[in-house]
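Chains as they are written, first to last, in this note's numbering: chain A, 4 to 299; chain B, 4 to 299; chain C, 2 to 253; chain D, 2 to 253.
Since the hints were made in silico from the structure, they are not lab data. Yeah, the Cβ is synthetic: ideal placement off N, Cα and C, and Gly gets one too. A couple of the hints might just be wrong.
Claimed, not checked - In the DSS-like style, the derived pairs of lysine-lysine whose C-alpha atoms are separated by at most 27 Å in a straight line are: (1) D:149 / B:201; (2) D:149 / A:201; (3) B:201 / C:95.
Claimed, not checked - On the chain A side, residues computed to face chain C include the following (Cβ under 8 Å): (4) 40; (5) 202; (6) 203; (7) 206; (8) 209; (9) 210; (10) 211; (11) 212; (12) 213; (13) 245.
For reference, the chains in residue letters:
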Amino acid sequence: MISLRTDLPWSGDSASRFIPWLVAIMVFLGTLAVSGVAVFDTILSGWSKAVTGTVTVQIPALPADSEQEANQARTDRAVKALKDLPSVEGVRVLANTEIDALLAPWLGERAAASDLPLPDLIDVTLVDGSTATIEALRSAVTTVVHDAIIDDHRLWFEHLIDLTEGFRLLTIGVALIVTTALALTIVYATRASLAEFKEVISVLHLTGARDAYVATQFAKRTLSAAFKGSAGGLVAGAFALFAIGLLARNVESGFLPDIGLSLGFWVLPPLVSLFAATLATVTAFITVLSTLRSMV
Amino acid sequence: MISLRTDLPWSGDSASRFIPWLVAIMVFLGTLAVSGVAVFDTILSGWSKAVTGTVTVQIPALPADSEQEANQARTDRAVKALKDLPSVEGVRVLANTEIDALLAPWLGERAAASDLPLPDLIDVTLVDGSTATIEALRSAVTTVVHDAIIDDHRLWFEHLIDLTEGFRLLTIGVALIVTTALALTIVYATRASLAEFKEVISVLHLTGARDAYVATQFAKRTLSAAFKGSAGGLVAGAFALFAIGLLARNVESGFLPDIGLSLGFWVLPPLVSLFAATLATVTAFITVLSTLRSMV
Amino acid sequence: MQIFKPPETPDGTAAVELKNVSLRYDDGSDVLSALNLALPPGSFHFLTGPSGAGKTSLLKLLYLAQRPTMGSVHLFGTDVTAAARRSLPAIRRKLGVVFQDFRLLQHLSVFDNVALPLRVAAAPEPEIKSNVTELLSWVGLDNFMNAKPAVLSGGQKQRVAIARAVVNRPRLILADEPTGSVDDAIAMRLMQLFIELNKLGSNIIIATHNEQLVARFEYSRLALADSALTELPPLSYRSAAESDQAINEPQT
Amino acid sequence: MQIFKPPETPDGTAAVELKNVSLRYDDGSDVLSALNLALPPGSFHFLTGPSGAGKTSLLKLLYLAQRPTMGSVHLFGTDVTAAARRSLPAIRRKLGVVFQDFRLLQHLSVFDNVALPLRVAAAPEPEIKSNVTELLSWVGLDNFMNAKPAVLSGGQKQRVAIARAVVNRPRLILADEPTGSVDDAIAMRLMQLFIELNKLGSNIIIATHNEQLVARFEYSRLALADSALTELPPLSYRSAAESDQAINEPQT
Ligand SMILES: Nc1ncnc2c1ncn2[C@@H]1O[C@H](COP(=O)(O)OP(=O)(O)OP(=O)(O)O)[C@@H](O)[C@H]1O
Ligand SMILES: Nc1ncnc2c1ncn2[C@@H]1O[C@H](COP(=O)(O)OP(=O)(O)OP(=O)(O)O)[C@@H](O)[C@H]1O
Ligand SMILES: [Mg+2]
Ligand SMILES: [Mg+2]
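Construct all of the structure, not just a fragment, from the sequences and the given hints.
Here it is as structure tokens:
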């Protein structure tokens with residue numbers, strides 16, 4: 004009976020005005036963030052380990068009338084130059100059978116049997132996380148073999164993974180910063196609202212009200228405000244996710260792993276919304292109780 | 004003299020508590036957004052139009068002992084199947100000289116001169132924006148030529164562009180939503196603070212103060228609060244940009260165009276910050292004046 | 002001419018006791034210094050003194066809005082200066098306070114303002130309704146039950162404040178200038194309310210600088226001056242026939 | 002015994018004029034109905050009436066915080082009910098108002114509160130300093146210049162409110178119960194202030210229900226009752242020797 008009554012003004016103070024907005028923004032960004040992270044994770048685990056940090060260097064064969072040894076010397080020079088680079092972990096010259104396998108789709112099974120001068124291929128494994136090495140590598144190799152070709156497609160792909168991983172981290176970082184800022188703002192909002200109600204609270208106290216009586220009213224108020232905002236944020240977030248979904252459909256399914264069914268995409272947003280509402284309420288309750296304790 | 008004095012409480016009200024936070028969040032997200040958009044733009048114009056919506060279909064040559072006509076028939080079958088697909092705009096069989104040019108880096112200048120059975124290559128132009136066609140294409144082609152190979156790397160790249168473009172749009176969208184929400188919140192904050200000061204303002208009025216006297220004090224207050232927040236947001240944004248910079252360095256320069264020197268990356272964030280502070284101040288000034296007019 | 006006499010006050014533990022109480026605000030000199038006082042249960046006193054003498058400050062000590070800088074305050078045998086914060090609400094529910102500046106809750110109706118002490122103490126709603134209604138009609142505000150304080154006149158606000166202070170039949174009523182904003186007729190009617198409650202056993206302390214009012218009642222005075230408290234006999238001067246008349250034909 | 006007499010009031014345009022003024026709040030019946038009044042420049046009146054009669058409401062009409070439901074209000078020859086919003090500040094600067102609930106700005110010091118009307122009118126700072134200081138020492142608050150209103154006693158707040166109302170020598174002073182929170186000695190001193198200002202030419206209207214106070218002055222009364230206004234002669238009853246004494250030996 005009494006607990007349903009309100010001795011606090013239910014509108015017009017900072018907390019009740021701001022908390023819904025703050026929680027809404029928090030839930031909106033949180034929803035985007037967890038979904039984004041979930042999507043990035045799925046993409047990453049799809050692309051995953053298949054791609055290792057390798058580059059292929061191709062040493063074109065000299066015209067047939069040159070000596071066989073000259074070809075071998077060119078390849079050796081390139082291997083030596085590569086081995087000298089600090090960013091190179093391992094170097095391996097592909098056997099002719101491997102080259103045949105690579106060329107098979109282009110030239111059919113009989114490529115190896117032909118008298119065609121096949122290029123030598125060198126598999127270069129790079130030191131983990133080494134950056135900007137492709138140019139160094141290119142210049143090192145072309146210095147010794149001017150017409151060597153660096154096939155860096157795999158590296159590109161790997162960098163793509165790096166970039167996605169970066170976006171993932173950035174998303175988490177932004178979400179954390181924004182969430183912290185907004186949680187702090189809720190503390191401020193509650194304090195502001197307590198300050199505004201100082202007079203009312205003091206009258207309640209002097210009339211014999213207990214702290215719990217006052218704090219419960221505040222917490223309920225905040226809970227209702229937070230749920231309002233949280234629902235709004237969830238709806239806005241859902242719209243944004245729908246937009247992302249459209250985007251993702253635009254990208255061929257072979258390129259991006261299927262993200263529609265991943266757990267994070269559908270389960271996490273409501274959890275975020277619940278978390279935000281709870282965070283706001285608990286924050287408000289603690290702030291109120293500790294402030295009340297310092298009053299007469 | 005008088006304009007420097009304040010008859011309004013300078014702290015403890017909603018506006019002065021919240022506006023710095025709100026503006027800070029706005030500037031932070033705005034900074035990330037414009038920088039993000041600038042980066043995406045640079046990347047996109049770097050990758051740009053070089054890549055068109057094409058797929059290459061490769062019809063391997065039959066063993067040399069088969070008839071020449073059989074090869075031609077396979078290619079014709081594939082072309083017909085491709086032309087029947089709604090998602091295909093144009094189909095073009097590459098001339099032998101073009102194939103020679105493509106193979107030159109692999110096989111040297113003399114490939115065409117050799118008796119090697121070269122594959123036929125078909126350039127397929129896809130209808131703009133058609134999605135999920137690669138599988139349809141693959142199945143259509145392999146039904147008629149079982150060992151046809153679809154080279155969809157270019158398509159992948161194009162999809163990458165689509166994805167980046169999507170991120171760009173999403174960034175703009177999120178920035179717009181958050182900015183609007185925060186601008187609204189500033190209107191509310193100002194109204195709340197006017198409501199809190201109703202008594203003070205009424206006393207000022209009754210003492211003979213003009214609207215401009217009151218509104219100017221509010222606008223100055225908001226301006227100072229907004230600049231405080233805007234500076235904070237800019238600093239936080241700079242840190243985030245620094246983090247992005249580290250990420251970008253991690254990605255090889257050949258893959259991502261150089262983003263460090265692009266205009267947007269360095270000029271826009273301060274503009275965002277100025278914009279946010281101005282928006283807050285003007286919003287507050289208008290809100291105050293229109294509210295004052297409705298008072299006695 | 003009717004002079005109001007105090008009832009016999011029974012002996013027993015003092016209802017209100019100050020032991021060597023001093024009060025000094027942060028930055029100043031003593032507002033109250035070394036006060037000693039013991040009021041028996043059922044007493045009725047005026048608290049007088051010039052503006053700024055410390056009347057409100059003394060009442061604040063009694064209604065636990067302020068702790069003394071030195072000494073101790075005892076209410077109904079409990080040392081409230083030493084009491085745990087937890088136990089204060091129970092003590093406060095035995096007090097009724099009329100604040101000098103009313104302190105009505107602006108967002109609550111007149112009815113809800115007066116009902117507040119009962120609600121805080123979880124009284125049953127029907128009891129609240131009958132008590133509050135009766136009291137509001139006694140102070141002449143039956144027509145303002147649902148009005149917000151903002152629309153009331155100064156005197157009307159004061160009457161709401163008084164009704165709120167006495168609605169839960171407190172054992173100690175502390176009224177700070179309770180008749181400062183009303184005319185003489187209503188003042189006498191409000192005094193009558195305090196007298197009735199006093200007859201039912203409540204201790205009453207009324208801070209006032211209205212000498213004409215004090216003069217009409219044969220109640221002792223607690224006089225504050227120069228930070229010290231002196232207990233004085235009732236004012237001998239008494240004004241006139243109007244007092245009778247005012248009480249017998251109250252105006253609203 | 003000294004009885005204060007009003008100065009001769011010069012003829013001319015009425016300083017304050019009500020023409021058939023009625024006031025009704027949103028939801029109720031007429032608080033004021035069909036009032037007519039014309040006060041010559043330099044007049045001094047008490048405004049009396051029981052609690053809730055509409056004294057504050059009438060003053061609100063005069064200080065432009067409320068528009069009449071019907072009729073027109075004229076100040077110094079200007080029809081303020083018809084005046085553009087832009088021109089109101091200029092008129093308000095000729096008014097000094099003591100609000101019944103003081104309305105001090107809590108975040109400003111006593112000095113700044115009193116200085117407010119001068120600052121709003123862009124008076125030079127040295128003039129502000131000397132005027133405010135002189136006035137504060139007259140009302141006995143020299144020691145509270147830098148205090149915030151929250152730490153003042155009820156009577157001290159009232160004196161700050163009065164000082165703020167009169168600091169810019171307004172042509173019309175409207176005081177709502179200006180002596181309700183102070184003792185008789187200070188009340189007489191404050192009345193002396195109003196009398197001095199009246200002698201310098203200000204019109205004065207003091208709303209009060211303190212009959213003892215009214216009785217000491219030979220000023221006419223404007224009596225509000227049942228929504229109507231009657232101009233009554235000065236109260237014949239006069240209380241005693243204390244008035245002389247209070248004015249000649251003011252206490253702080
Ligand atoms: N919170 C406070 N902080 C500092 N000083 C205070 C505070 N409250 C009151 N005072 C000072 O203590 C003195 C006594 O104030 P108090 O309100 O008790 O007087 P009072 O007797 O009630 O006067 P009045 O009749 O005018 O209401 C005053 O000088 C006042 O300025
Ligand atoms: N803003 C308002 N809205 C509605 N009714 C109001 C408003 N202000 C005053 N009233 C009503 O108008 C009547 C007159 O009020 P007013 O304050 O003018 O009385 P007063 O003569 O000043 O009384 P007091 O001596 O008690 O201060 C009262 O019944 C009051 O409830
Ligand atoms: Mg007091
Ligand atoms: Mg009034």
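Structure-based check of each hint:
Only pairs whose Cα atoms come within 27 Å are accepted, and residue 149 of chain D paired with residue 201 of chain B is accepted, the gap being roughly 19 Å. At roughly 17 Å between alpha-carbon atoms, residue 149 of chain D and residue 201 of chain A fall within 27 Å of each other, so this suggested pair holds. Simply put, residue 201 of chain B and residue 95 of chain C have alpha-carbon atoms about 36 Å apart, too far for the 27 Å limit, and the pair is violated. Taking 8 Å as the C-beta contact cut-off toward chain C, the hint placing residue 40 of chain A at the interface is violated, the least distance being around 44 Å.
Here the hint on residue 202 of chain A is kept, as its CB sits about 7 Å from the closest CB of chain C, short of 8 Å. Contact between residue 203 of chain A and chain C, as hinted, is supported at the beta carbon level, the nearest pair being about 6 Å apart and thus within 8 Å. Residue-level restraint check for residue 206 of chain A holds (minimum Cβ-Cβ distance to chain C is 5 Å; threshold 8 Å). Restraint check, residue 209 of chain A versus chain C: the minimum CB separation of about 6 Å is within 8 Å; hint holds.
For residue 210 of chain A, the interface hint holds, since its Cβ comes within 8 Å of a Cβ in chain C; the closest pair sits about 5 Å apart. The criterion of a C-beta within 8 Å of any C-beta in chain C is met by residue 211 of chain A, whose closest approach is roughly 4 Å, and the hint holds. The beta carbon of residue 212 of chain A comes within 4 Å of a beta carbon in chain C, closer than 8 Å, and the hint placing it at the interface holds. A least Cβ separation of about 5 Å between residue 213 of chain A and chain C falls short of the 8 Å threshold, and the interface hint therefore holds.
A least Cβ separation of about 41 Å between residue 245 of chain A and chain C goes past the 8 Å threshold, and the interface hint is therefore violated.
The structure shown violates the earlier hints numbered 3, 4 and 13.
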